[in-house]
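Use the sequences and the hints to build the structure in full.
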Amino acid sequence: MLLEVAELAVDLMTPGGSRRVVDRTSFSLDEGESLGVVGESGSGKTMTALALMGLTPEGARVSGSILFEGRELIGLSEEAMQQLRGDRIAMIFQEPMTALNPLHKVGAQVAEPLVLHRGLTERDARGRAVDLLERVRLAEPERAARSYPFALSGGERQRAMIAMAIGCSPRLIIADEPTTALDVTVQARILALIDGLRSESKMAILLVSHDLAVIAGHCDRVIVMYAGVIMESGPVQVVLHQPRNPYTLALLEARARPGAPRRARLKTIPGAPPAAHERSVGCPFAGRCALTVDRCWTTPPPEVGFGANHVSRCHRAGEVGFGR
Amino acid sequence: MTLPVRFRPRGGLSLWLGAVLVAALVAAAAVSLVWTPYPPTAIDIPHRLAAPSAAHWFGTDNLGRDVASEILAGSRISILVGVVAVGIGLGFGIVLGLIAAFSKGLVEDGIMKLSDFVFAFPALLSAIMLTSTFGPGVVNAIVAIGVYNVPIIAKLTRATANGVLSREYALAARAAGRGPIAIAVDHVLPNIAPALIVQATIQFAIAILAEAALSYLGLGAQPPQTSWGKLLADAQNVLYNAPRLALYPGVAIALSVLGLNLLGDGLRDALDPKLKARS
Chain P
1 MLLEVAELAV DLMTPGGSRR VVDRTSFSLD EGESLGVVGE SGSGKTMTAL ALMGLTPEGA
61 RVSGSILFEG RELIGLSEEA MQQLRGDRIA MIFQEPMTAL NPLHKVGAQV AEPLVLHRGL
121 TERDARGRAV DLLERVRLAE PERAARSYPF ALSGGERQRA MIAMAIGCSP RLIIADEPTT
181 ALDVTVQARI LALIDGLRSE SKMAILLVSH DLAVIAGHCD RVIVMYAGVI MESGPVQVVL
241 HQPRNPYTLA LLEARARPGA PRRARLKTIP GAPPAAHERS VGCPFAGRCA LTVDRCWTTP
301 PPEVGFGANH VSRCHRAGEV GFGR
Chain E
1 MTLPVRFRPR GGLSLWLGAV LVAALVAAAA VSLVWTPYPP TAIDIPHRLA APSAAHWFGT
61 DNLGRDVASE ILAGSRISIL VGVVAVGIGL GFGIVLGLIA AFSKGLVEDG IMKLSDFVFA
121 FPALLSAIML TSTFGPGVVN AIVAIGVYNV PIIAKLTRAT ANGVLSREYA LAARAAGRGP
181 IAIAVDHVLP NIAPALIVQA TIQFAIAILA EAALSYLGLG AQPPQTSWGK LLADAQNVLY
241 NAPRLALYPG VAIALSVLGL NLLGDGLRDA LDPKLKARS
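Residue numbers (this note's numbering), protein chains in the order written: chain P, 1 to 324; chain E, 1 to 279.
Honestly, the hints are just simulated from the structure, not real lab data.
Honestly, I wouldn't trust all of these hints.
Stated by the list, open to error - Between beta-carbon pairs, the in silico distance windows are:
no.: 1; chain 1: E; residue 1: V31; chain 2: P; residue 2: S153; range: 47 to 57 Å
no.: 2; chain 1: E; residue 1: V139; chain 2: P; residue 2: E134; range: 51 to 61 Å
no.: 3; chain 1: P; residue 1: R262; chain 2: E; residue 2: P190; range: 46 to 56 Å
no.: 4; chain 1: P; residue 1: E31; chain 2: E; residue 2: K104; range: 34 to 44 Å
no.: 5; chain 1: P; residue 1: S153; chain 2: E; residue 2: L124; range: 52 to 62 Å
no.: 6; chain 1: P; residue 1: R189; chain 2: E; residue 2: A120; range: 50 to 60 Å
no.: 7; chain 1: E; residue 1: V107; chain 2: P; residue 2: R189; range: 38 to 48 Å
no.: 8; chain 1: P; residue 1: E72; chain 2: E; residue 2: G105; range: 23 to 33 Å
no.: 9; chain 1: P; residue 1: A192; chain 2: E; residue 2: L114; range: 50 to 60 Å
no.: 10; chain 1: E; residue 1: V139; chain 2: P; residue 2: D124; range: 45 to 55 Å
no.: 11; chain 1: E; residue 1: G87; chain 2: P; residue 2: A139; range: 41 to 51 Å
no.: 12; chain 1: P; residue 1: D124; chain 2: E; residue 2: V31; range: 43 to 53 Å
no.: 13; chain 1: P; residue 1: S153; chain 2: E; residue 2: G105; range: 34 to 44 Å
C-beta atoms are modelled at their ideal positions from N, C-alpha and C, and glycine is treated no differently.
Here is the structure:
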């Protein structure tokens, strides 16, 4: 296994006391595999991704275990983490408009990790940067390398970000909503590019998204997060076609469907995710869930297995999905 | 190839007027290093309090010294005080501000509380305190004014650096494995430089004013050095006989401060990305 995360928890210190934003999540990722992390805003997806990079905000407490290439990352010194970041683990960010420094040329920014981790001279790294920009299929890579970020379109900037991420051939790429800020046609091309790079070099991808269609098309397995808890996990086709968790089901039903009647309203999930202080000891989805029973408020839901690594965390997992 | 927006010449009247006035100040100081109409300290009692003429453009003072020469020589002190006091402010302020922005927690609180503490004293009062404790003189005046600049620059650096650090490219740089010092130098400093340049210009003007005030009170430049504040104090003694003597240093101070303020305003408009015209 390339990455094994066990019982990962992240607590944020807030003026109102500590707040658990990621709650005992466990998952693993193999070489060349693509894992999707899906959930609504505030579900802990991004915090999970940042915890893997050791980039959680100041004052956050991270506990549990993150084994990467057999090495424990939690408790690793900042210097050791700096050597891993950008070299073995790289990250692609959501906002290509702000993820590049407006004051440096694109080529120099793409070259940065190579100078840092591979000890290349600035000159050699510039040359390699042009190759990388070509590899992410940027038209006119030479011109792009000499440009400042403002001169590139959103899609071009995201390609430049990907070039920056793959420079040192990382084994794991964490993509946090890589296409959310782009329009749909560009989205498809960027995702196809990431897919292509993955199969070329056997990188593993952790794709964080709130978009089920993106996850369905580009991931092998998926974990569904809600209020910091993994509600369901398993192979993408199984989870999205035969969900065994009411939350996954609700997410699927809240999608817009092509061909739906004109005035049909989108289904929504009633209520809002629980704030930290109103979390019950039981299931975080209790109350918003149509299947809520007394037990959901008082007892944490158990993990129920459905074969082929398909796991749902729900008291009534067995009753979900029938009749579909 | 089109130039990036920020390199296009921009800025209105205030930028150019300010630049011209500041250039005149610098030129006056530079010229006075090699040439003044008369030695600024040469006393000529028979021709004391002479009216302006071809020989003495601004006339002479009550000891017969050539006022034009004294004004020229005085500009040197103004520039020296401005450069060094702002330099002290930038040198310590930027470092402290960056440490505060990167460290967070107790260190940040400590630095900011200390800044507030220094900030709480009126600048001129603390300068008078320092110069009366360590003795009058230009060096002590410079240190006093410089110390007052440190918390201003530190606060500005911390606030703007925090803004940059919350941008995604700062996180992206960390994700690429860069350390805090590299991020500070490559990403934070270039992005906060415009705000610092503008503030430094304003502080320069304030430093000139403060030096004039200290010298006027006899706590700054000491004879045989001359400074605009000292010229004002000398002129006060003969205010009824020759009021014009107070006018020259007064106008010189006013024009310098006006020039620096206009330059600062102009630079703010030219460098502030929020005011940038979308072209």
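Checked hints:
1. E:V31 / P:S153: 47 to 57 Å: Given about 53 Å between the Cβ atoms, the range holds.
2. E:V139 / P:E134: 51 to 61 Å: holds (59 Å)
3. P:R262 / E:P190: 46 to 56 Å: holds (53 Å)
4. P:E31 / E:K104: 34 to 44 Å: For E31 of chain P and K104 of chain E the Cβ distance comes to about 37 Å; the hint holds.
5. P:S153 / E:L124: 52 to 62 Å: At roughly 54 Å between Cβ atoms, L124 of chain E and S153 of chain P fall inside 52 to 62 Å, so the hint holds.
6. P:R189 / E:A120: 50 to 60 Å: Since the Cβ atoms of R189 of chain P and A120 of chain E sit about 58 Å apart, the hinted range of 50 to 60 Å holds.
7. E:V107 / P:R189: 38 to 48 Å: holds (46 Å)
8. P:E72 / E:G105: 23 to 33 Å: Check passed, 26 Å falls within 23 to 33 Å.
9. P:A192 / E:L114: 50 to 60 Å: Holds - the Cβ-Cβ distance for A192 of chain P and L114 of chain E, about 55 Å, lies within 50 to 60 Å.
10. E:V139 / P:D124: 45 to 55 Å: holds (50 Å)
11. E:G87 / P:A139: 41 to 51 Å: holds (47 Å)
12. P:D124 / E:V31: 43 to 53 Å: holds (50 Å)
13. P:S153 / E:G105: 34 to 44 Å: Check passed, 40 Å falls within 34 to 44 Å.
Taken one by one, the earlier hints all hold for this structure without exception.
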